[in-house]
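If you read the sequences in order, they're chains A and B. For the first sequence, UniProt numbering gives the first residue as 1, with consecutive numbering after it. For the second sequence, UniProt numbering gives the first residue as 1, with consecutive numbering after it.
Hints in this document: simulated from the structure, not taken from any laboratory. All residues carry an ideal CB built from backbone N, CA and C; glycine is no exception. The reader is advised that the hints may include incorrect statements.
[What the hints assert, rightly or not] Capping the alpha-carbon separation at 20 Å, the derived lysine to aspartate or glutamate pairs in EDC-like fashion look like this:
id : chain 1 : residue 1 : chain 2 : residue 2
1  : A       : 99        : B       : 91
2  : A       : 89        : B       : 78
3  : B       : 177       : B       : 197
4  : A       : 99        : B       : 141
5  : A       : 43        : A       : 97
6  : A       : 142       : B       : 106
7  : B       : 83        : A       : 125
8  : A       : 99        : B       : 94
9  : B       : 54        : A       : 97
10 : A       : 40        : B       : 91
11 : A       : 116       : B       : 91
12 : A       : 63        : B       : 91
13 : B       : 177       : B       : 123
14 : B       : 54        : A       : 173
15 : B       : 54        : A       : 164
16 : B       : 118       : B       : 173
17 : A       : 43        : B       : 94
18 : B       : 64        : A       : 125
[Claimed, not checked] Chain B residues, not near chain A, derived (Cβ > 10 Å throughout):
id : residue
19 : 7
20 : 26
21 : 29
22 : 78
23 : 118
24 : 121
25 : 126
Here is how the chains run, residue by residue.
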Amino acid sequence: PWKAMHDPATQIWTSFIAHEQKRDQHQSSKQHGGPTMAEKGVKVFGMWASPMAIRVEWALRLKGVGYEYVDEDLASKSDALLRHNPVTKKVPVLVHDGKPIAESTIIVEYIDEAWKDGYPIMPADPYDRAQARFWARFADDKCNAAIFPVFTATGEAQREVVREAQRCLKTLEKALEGKKFFGGDAVGYLDVVVGWYAYWLPIIEEVSGADVVTDEELPLMKAWFGRFLAVDVVKETLPPRDKLLALNKARREQLSA
Amino acid sequence: MAGEGDIKLLGMVVSPFVVRVRMALHRKGVSYEYVEQDLFNKSELLLRSNPVNKKVPVLIHGGKPICESLVIVQYADEVWSGKGASIFPADPHERAVARFWAAYVDDKLFPAYIGIMKAATEEARAEKAKEALVVLANLEEAFAQCSKGKPFFAGDSVGYLDLAVGCNLFWLEAIRKMFGVTFFDVGKTPLLAAWAERFAGTEMAREVVPDADTAVVFAKKLQARFGSNTSAK
Numbered sequence: 001p002w003k004a005m006h007d008p009a010t011q012i013w014t015s016f017i018a019h020e021q022k023r024d025q026h027q028s029s030k031q032h033g034g035p036t037m038a039e040k041g042v043k044v045f046g047m048w049a050s051p052m053a054i055r056v057e058w059a060l061r062l063k064g065v066g067y068e069y070v071d072e073d074l075a076s077k078s079d080a081l082l083r084h085n086p087v088t089k090k091v092p093v094l095v096h097d098g099k100p101i102a103e104s105t106i107i108v109e110y111i112d113e114a115w116k117d118g119y120p121i122m123p124a125d126p127y128d129r130a131q132a133r134f135w136a137r138f139a140d141d142k143c144n145a146a147i148f149p150v151f152t153a154t155g156e157a158q159r160e161v162v163r164e165a166q167r168c169l170k171t172l173e174k175a176l177e178g179k180k181f182f183g184g185d186a187v188g189y190l191d192v193v194v195g196w197y198a199y200w201l202p203i204i205e206e207v208s209g210a211d212v213v214t215d216e217e218l219p220l221m222k223a224w225f226g227r228f229l230a231v232d233v234v235k236e237t238l239p240p241r242d243k244l245l246a247l248n249k250a251r252r253e254q255l256s257a
Numbered sequence: 001m002a003g004e005g006d007i008k009l010l011g012m013v014v015s016p017f018v019v020r021v022r023m024a025l026h027r028k029g030v031s032y033e034y035v036e037q038d039l040f041n042k043s044e045l046l047l048r049s050n051p052v053n054k055k056v057p058v059l060i061h062g063g064k065p066i067c068e069s070l071v072i073v074q075y076a077d078e079v080w081s082g083k084g085a086s087i088f089p090a091d092p093h094e095r096a097v098a099r100f101w102a103a104y105v106d107d108k109l110f111p112a113y114i115g116i117m118k119a120a121t122e123e124a125r126a127e128k129a130k131e132a133l134v135v136l137a138n139l140e141e142a143f144a145q146c147s148k149g150k151p152f153f154a155g156d157s158v159g160y161l162d163l164a165v166g167c168n169l170f171w172l173e174a175i176r177k178m179f180g181v182t183f184f185d186v187g188k189t190p191l192l193a194a195w196a197e198r199f200a201g202t203e204m205a206r207e208v209v210p211d212a213d214t215a216v217v218f219a220k221k222l223q224a225r226f227g228s229n230t231s232a233k
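Only chain A is shown next, with the shape it has when bound in the complex (with noise of 0.2 Å):
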């Protein structure tokens, strides 16, 4: 899980969608610093296009906990996340009772324990959560990282990086196989944590014109995309289509420039 948050891909796409943010409108509460006195609740510091973010609101609302949004201008991080997560500064940060948890993917795990009576997000056999874990891992460093270059490249290069991209979610498509969801007749931890796809992907390809996930090379995880989509507590938190879509049309505007 680590790697998803540094690999180049991801590091990359969270500072265009920082410095996207200094000219974009969009705007909303933005937590200053205060007293690090415990407080009582559950707060996400996220950012509205974040796909690693809102990993953790589908968690949250899976197990029907209430949770602050703090919307993070990631090219001026508020206080209060810098001191929540000293160590990367990244989003999303958990704040439960004032107990700081980063990293995405630990997060949601975190979530599953915390409201252990809740929503079963990791399955319960622990032959099935060590692969949950396993293709969440090779989602995170191998397809994102695979994924990320068919939003710049154009022309013959864009084939290949397309294809390259396809052989990896083709590797994952396997642990759809037979199933309705990754988490099988509803959606598990992997599903949550390769879910952004169903959305993001779309837009990225909308974006490069390209074509990655198709129905007759990807059958299995587009008809998941359709399944997952219509899930409540996704369709509840994804961002909306037409701002998603205009950042990342000006981002790869400004990388090809």
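Given the coordinates of chain A, work out where chain B should sit on it, guided by the hints.
Just chain B now, with coordinates in the frame of chain A:
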């Protein structure tokens, strides 16, 4: 106990990730068949058991493979939860903190010290050494936060984070021997320096961790094989 028996570990003697798993299995008091792999000539069994990454360690339990060292360690703690010592703490927040730092070690420490070995110039090596020291400075803080005055990251005895960091110590010693880099400065990271000695002295470490010289020999073999213009001591 149900679930034991028919346990194989595919490994390679100087892989810190394999050492990590061996430590975990030692903590759980689990016996297993260890199968040394030739990573330059990968076996059918390895390729079949880990087709995605083709790497060690792979734990094969009842014929089912589990890959990725941190995944294996968590699996071992869960599947043999009644056996041996607990690797993870019970408290969810403590578990999350342990996972955070373990992932940090793999993401930051390992590439830094491997980078020291692979560096083509003195400047590059010095840069990587500096990176490693930043990581260790952060781990010093983590130790203070997690141990709360006790001898190990996990408290009175070794736990998940001790294993995650500790499996790298023999390599840090090997690199110190080869390149003269001092990782544990009692002046800069006193807690970690004391912990490292303590960790190396545990029965588990003495049983499972290879000698630093074994790593030195391996590193030199790699340098010879792939050609490196840095010379080790």
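Agreement of residue 142 (chain A) and residue 106 (chain B) with the hint, judged by alpha carbon distance not exceeding 20 Å: Distance ~15 Å between residue 142 (chain A) and residue 106 (chain B) Cα, so the pair holds.
Beyond 10 Å from each Cβ of chain A, as asserted for residue 26 (chain B): Fine: 19 Å to the nearest Cβ keeps residue 26 (chain B) off the interface.
Proposed proximity, residue 97 (chain A) with residue 54 (chain B) (alpha carbon, max 20 Å): violated (42 Å)
Satisfaction of hint between residue 141 (chain B) and residue 99 (chain A), Cα-Cα up to 20 Å: Between residue 99 (chain A) and residue 141 (chain B) the Cα gap is close to 16 Å, so the pair holds against 20 Å.
Pair hint residue 54 (chain B) and residue 173 (chain A), alpha-carbon separation not exceeding 20 Å: holds (18 Å)
Pairwise hint evaluation, residue 125 (chain A) against residue 83 (chain B), where the allowed Cα distance is 20 Å at most: holds (17 Å)
Straight-line alpha-carbon gap residue 63 (chain A) to residue 91 (chain B), limit 20 Å: Answer holds: residue 63 (chain A) to residue 91 (chain B) is near 18 Å, not above 20 Å.
Proposed proximity, residue 78 (chain B) with residue 89 (chain A) (alpha carbon, max 20 Å): violated (31 Å)
Verdict on residue 78 (chain B) as a residue remote from chain A, using beta-carbon distances over 10 Å: violated (4 Å)
Claimed clearance of chain A by residue 7 (chain B), with the beta carbon kept past 10 Å: holds (13 Å)
Verdict on residue 29 (chain B) as a residue remote from chain A, using beta-carbon distances over 10 Å: holds (17 Å)
Holds or violated: residue 177 (chain B) to residue 123 (chain B), with C-alpha atoms at most 20 Å apart: holds (19 Å)
Violation of the numbered hints given earlier is confined to hints 2, 9 and 22; the remaining hints are satisfied by the structure.
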